[in-house]
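Colleague: Letter by letter, the chains look like this.
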Amino acid sequence: MNSLIFAAFSRILFILMLAVSLFVLYRGHNEPGGGFVGGLIAAAGFATLALARGVDVARATLRFEPMTVIGFGILAALLGGLPGLWLDDSFLAHQWAILGSAHIGTTLLFDIGVYLVVLGGILSLILRFYEGL
Amino acid sequence: MLAALLVSFLGAILARFVVSRTFPHGGWVAALLPAGLFLFFLAKGASLPEVGAITETLEWVPALGISLTLRLDGFALLFVLLITGIGTLVTIYAGAYFAHSPKEEAARFLTLILLFMTAMLGTVLSDNLIVMFVFWEATSLLSFMLIGFNSHRAQARKAALQSLIVTGGGGLALFGGILLIGMTLGTFSLSEVAQRATELLASPLAVPAMILIMLGAFTKSAQLPFHFWLPQAMEAPAPASAFLHSATMVKLGVYLLARFDLIFEGIPAFGATLVIVGSLTMLVAAVRALSTDGFKEVLAHSTVGSLGVLVMLIGLDGDYSVTALIAFIIAHALYKAALFFCAGTTIHAVGEGRLSKIGGLARRLPMTTLAAGMAAISMAGLPPTLGFITKEYLFESQLNASSGWVVVAVAVLVNAVFAAIAGVAAIRPYYLGKTRSEVKHPETLGLYLGPLVLGGLGFLFGLAPDFLVRGLIQPANDVLVGHTVDLSFSLWHGFTPMLALSATVVAFAGGLIAYWHRIHYALSLNKGLARVLGDFGFNAAFAGLLRLAERCTRLLQNGDQHRYTSTVAAAVLLIIGYGVLASGTRPVIALTDGRFDMPSVIVLLLMCLGAFAATRTPSLLRAMIAVGVVGFGSALIFLLNGAPDVALTQFSVEVLLVLILVALLLRVPERAASTREPREKRLDILISAGFALVVFVALAATVALPLDGRISDFYAATSYLEAHGRNVVNVVLVDYRAIDTLGEVIVVAFAAMSVWGLLRIMPRRRAAP
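Protein chains in written order, with the numbering used here: chain B, 5 to 137; chain F, 508 to 1276.
Just chain B, with the same shape it has in the complex:
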């Protein structure tokens, strides 16, 4: 799309959407949000970038092939389950570290996995779709 305004704004939009997506991912455990929605928002961010400035720019910003991102996602989700297997004898039994009021658990790693799979899955479709047009 050859719109100067859209192209100029797309970078800012992209950064905003990415930040929001990470925020949504993190807050998901206590407030509405989570890895799935986060991944959708991030994918929308990359799609905006691809629409405004071309698929090549979006691909370069992503660094990895979308398929690789999916692989990282599944790996993260699996890794998130392993500590439970080690400590609790049960795969995906999540472990928690409580530091004052902050609770950090392996659920976050699992949710990051979901986030990456959704991001990679949607981008692999959208980027190819844009290229095919």
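To be clear, the hints were calculated from the coordinates, so they are not data collected in a lab.
Bear in mind that the values here come from a model prediction, so they are computed numbers and not experimental data.
We treat Cβ as the ideally placed atom computed from N, Cα and C, and that holds for glycine.
It is possible that some hints are incorrect.
[What the hints assert, rightly or not] If you want the footprint, here are the derived chain F segments under chain B, 3+ residues with CB under 8 Å:
#1 1157 to 1171
#2 1226 to 1236
#3 1248 to 1254
With the hints as your guide, set chain F onto chain B.
Modeller: Relative to chain B, chain F alone:
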């Protein structure tokens, strides 16, 4: 034994690096693995007579009753020693065979061979039927990869696919049979099933289970009507043919049937079917062997025939059939593997696989000629070899059985053909022939060691069978008969009816060799016969399936979005409508309950407006916005009714949809005239109105039911305390039901992968396919 299996697997993985480092002597190094395993199991086997059977167990999936139980008894020992012993020779041979190929190819081949050996060991050692099935399927898969090893050849790819479809389909049948047995007895342990055979036979599921298991065995062991894949599998490199398609893998079906013989012997049809199928397979294989010219193909047809003999022997009643079975498994593995090695060396040496084009190689390949001669004498069933003793036992068990003279006649005829094949394979390429073939790759120690050892063993076991009887045949015999039988096993039986039959066979075979050319010519003229006896049926079924798929695709995937949507909607309409009518209950719709929620009503009205606008406007952009109104409206409804998570997701999906559609709209005309005719429109309206009605009634009926809040109360109460999260939806997703989410994530990944593959930019269509 568990450790041995693990070592075998890891060794196979390591072989890839070791072989390419030590190229071109990698075969000798890699052979250390099977040789070590052979010695290990030999030592284990020596202690077997005292303990009966050795069992090792590792819990795998205790919830489903699946444990990694390995059990070494006399019959398993026989197979284990064949697998590792011949495996050693195959590894050495393959190293020499691939000495002139790129080293990556040699490494890949040896890795596959050793992986296959691991899978074979797992299959024959598993006592748990599920575990055995997993290894069984692994052998099918590795066979596929080895047949298609020369993947640049279209013929090899086709043969590999065919074998996978046949053996994989049979594997599914076998799995069904195993599950039926598990359902009936509540156990997957083979030894327990054998003990409770009467209980199994009393069940109505016994016969279906038997049929399914027979199907699995017949496909694997290439019995009629699945016999066609094995000769095609000769596309595999010769070492793989020797190992998989003669000595070991194709005998798995025989192994399975022999194991289940004790269980199913109470069903009369079991033995009768085996005798009939085995005999027919022998006959068909004999005819096809006579009409073939390829060196390896002739041997392959005779292997199919030998498998028929084995299957028939399992089906026979009376004494000696088990002994004949075991002895024939050993004898056949020795001579057939040796002949495949010789065939491989010969074809490799001259670069020609047709028997009629090879000749006069005795001087150039002296050791191979010697080995082929020794193996052929055993195959022809001449004294003083193991093959001779085996054949005597075969005839003796047939004469003792109640199956009658037809089976004996078939056996005499087929054995004569085997003997003739043995003669032709051992004499033609080496002594006869008009042309003296050029030798490109001379024989090396690695190439002739294997066949010489195997051919020599055939003589050794024939002259001094005591050692073999006490060490292998007796223990295996006891397992299959169920009690100890005293075996008298010797080369000379005296002047018996069996000796007379043997003499007939030899005379017959002599005639066949003398008239080989004429018979071959006469049979090769008859193309119809080759078609009917070959893979004609398979090809017809395969082509029919493709045509059916094409028709379905043309009907359902015709490119008209209207048709897709109306098909889906009409199907839903019919199924739910039928369900409601058939159940006979009237859905209860409670309109009085609940409050009148003004904001929701406004949003709903807006959505209706959007939907209506979308159907009326000719502008695609406007239609898209109107559909967007519906989507955002439903997100608002979620938000208003306490589901912020779903609303957030719906909003994100709507945004993504806009991003995709905007890109599309840049390419398509902004306005589109309606292409629907009035009649079609009326149908559309009817379907959509009916669909809406069904959804409305279903929703209203669901709402009218009392809501069971126990599950959500449980999550709400424990979410923060046990899972450290206040957002119950997310906690359910990542913690309580995390394994479901993991599964869904993987489904998403696979779906993305397949669409990604479909969406790749197609190269321009070629002029003609």
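Colleague: Just pull the numbers of the violated hints for me, sorted ascending.
Modeller: Of the numbered hints given earlier, the structure breaks none, since each of them holds.
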